[in-house]
Amino acid sequence: MGIAHALILPFPAQGHVIPLMELSHCLADRGFEITFVNTEFDHGRIVAALRKHELESDRVRHVSVPDGLAPDEDRNNLGRLVEGLHKSMPTSLEEVIRKNNEKSGGSKITCMIVDQGMAWALEIAEKLGVRCVVFWPMCAALLALIMSTPKLIDDGIIDEEGFPKGPSTFQLSDGMPLMETARLPWNVNAGDEAQKLIFHYMNANSRATKKAEFILCNSFQELESPTFNCASYVLPIGPLLTGLRLGKPFANQTYICDVWRVGLKMVPGESGIITSEHISSRLEELLGDDGIMARARTLKEMANRSMEKEGSSFKNLNTFVEAMKSENVHIKDEE
Numbered sequence: 001m002g003i004a005h006a007l008i009l010p011f012p013a014q015g016h017v018i019p020l021m022e023l024s025h026c027l028a029d030r031g032f033e034i035t036f037v038n039t040e041f042d043h044g045r046i047v048a049a050l051r052k053h054e055l056e057s058d059r060v061r062h063v064s065v066p067d068g069l070a071p072d073e074d075r076n077n078l079g080r081l082v083e084g085l086h087k088s089m090p091t092s093l094e095e096v097i098r099k100n101n102e103k104s105g106g107s108k109i110t111c112m113i114v115d116q117g118m119a120w121a122l123e124i125a126e127k128l129g130v131r132c133v134v135f136w137p138m139c140a141a142l143l144a145l146i147m148s149t150p151k152l153i154d155d156g157i158i159d160e161e162g163f164p165k166g167p168s169t170f171q172l173s174d175g176m177p178l179m180e181t182a183r184l185p186w187n188v189n190a191g192d193e194a195q196k197l198i199f200h201y202m203n204a205n206s207r208a209t210k211k212a213e214f215i216l217c218n219s220f221q222e223l224e225s226p227t228f229n230c231a232s233y234v235l236p237i238g239p240l241l242t243g244l245r246l247g248k249p250f251a252n253q254t255y256i257c258d259v260w261r262v263g264l265k266m267v268p269g270e271s272g273i274i275t276s277e278h279i280s281s282r283l284e285e286l287l288g289d290d291g292i293m294a295r296a297r298t299l300k301e302m303a304n305r306s307m308e309k310e311g312s313s314f315k316n317l318n319t320f321v322e323a324m325k326s327e328n329v330h331i332k333d334e335e
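Numbering (UniProt numbering), first residue to last: 1 to 335.
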């Protein structure tokens, strides 16, 4: 097989682009060529933020495609954003791949690594004969939750539109934290219609994710062992950043405060606003708690070990790299 060439496609939102950028450089260090695709709206800001030597590097090529929204539209409106992406981006993305693979003198794109929030793009990869990989930038428990929505519906926990139906809390598997039906990731406080749209978008991406040859996750085995035991189809290769970026607030709070016990919950006042006095009080309490600080140091040491030469994530990343450089298709565990 020739040079491995990965097209990287992040979801255009905070916390999604940076982990995939880090993965891009990890793969480039291992001999991959990288084409990194951003939306036109994000492209200028990201290029401006890159250090000069990163921008001039021939290891990672940056390209942009439209997101389907007008220049002055609010990209924080998640409902409109996912609608625009799904309508406009497939044609542009296919054109990027075709142009690259039809030109002479360069390496052909051999695999696509897409954010799970963009898993619809795997259909394009299949159409063009490109190998498919999904990347999840947050905690594995949240991915397991999103992949379990059909079971949540069957069990009467949510209805077919994603709205709470049964008990207020549930547990996906032994050892995993309790989750609240009122704080699921598609509950965006943007109205019922927007919530329905986002829920069905996530569901469609979950179905598409099952086509992937690998499902990579920005976490590590020792951090979420019960989740990885439940979701053995996920390959943890993180943390890809200094610190733990877990994404959605409910997952952050549950893990940080209840599971790992390295943080304290913030409680809004009667107006629904967290006051500066409360923040100051919690900060003093946090910094004065030797137990919390000790547990935080332990987590940091675990994360560092996972990325060392004999660590779990280091080995998993190398397993993935070797598979992508091989002509043999990897068969992952079933969901």
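Fair warning: there could be bad hints in the mix.
Here are the simulated BS3-like pairs of lysine-lysine, each with C-alpha atoms no more than 30 angstroms apart in a straight line [stated by the list, open to error]:
1) K309 with K196
2) K103 with K265
3) K325 with K315
4) K103 with K127
5) K196 with K108
6) K165 with K108
7) K211 with K127
8) K211 with K196
9) K99 with K211
10) K300 with K211
11) K196 with K99
12) K165 with K99
13) K309 with K325
14) K151 with K210
15) K103 with K196
16) K127 with K165
17) K196 with K210
Simulated from the structure, these hints should not be mistaken for lab results. Bear in mind that the values here come from a model prediction, so they are computed numbers and not experimental data.
Quick rundown of the hints versus the structure:
| no. | hint | in the structure |
| --- | --- | --- |
| 1 | K309 with K196 | violated, 44 angstroms |
| 2 | K103 with K265 | violated, 54 angstroms |
| 3 | K325 with K315 | holds, 15 angstroms |
| 4 | K103 with K127 | holds, 19 angstroms |
| 5 | K196 with K108 | violated, 38 angstroms |
| 6 | K165 with K108 | violated, 48 angstroms |
| 7 | K211 with K127 | holds, 13 angstroms |
| 8 | K211 with K196 | holds, 24 angstroms |
| 9 | K99 with K211 | holds, 24 angstroms |
| 10 | K300 with K211 | violated, 34 angstroms |
| 11 | K196 with K99 | violated, 36 angstroms |
| 12 | K165 with K99 | violated, 48 angstroms |
| 13 | K309 with K325 | holds, 20 angstroms |
| 14 | K151 with K210 | holds, 15 angstroms |
| 15 | K103 with K196 | violated, 42 angstroms |
| 16 | K127 with K165 | violated, 38 angstroms |
| 17 | K196 with K210 | holds, 22 angstroms |
This entry does not satisfy hints 1, 2, 5, 6, 10, 11, 12, 15, 16, going by the numbered hints stated previously.
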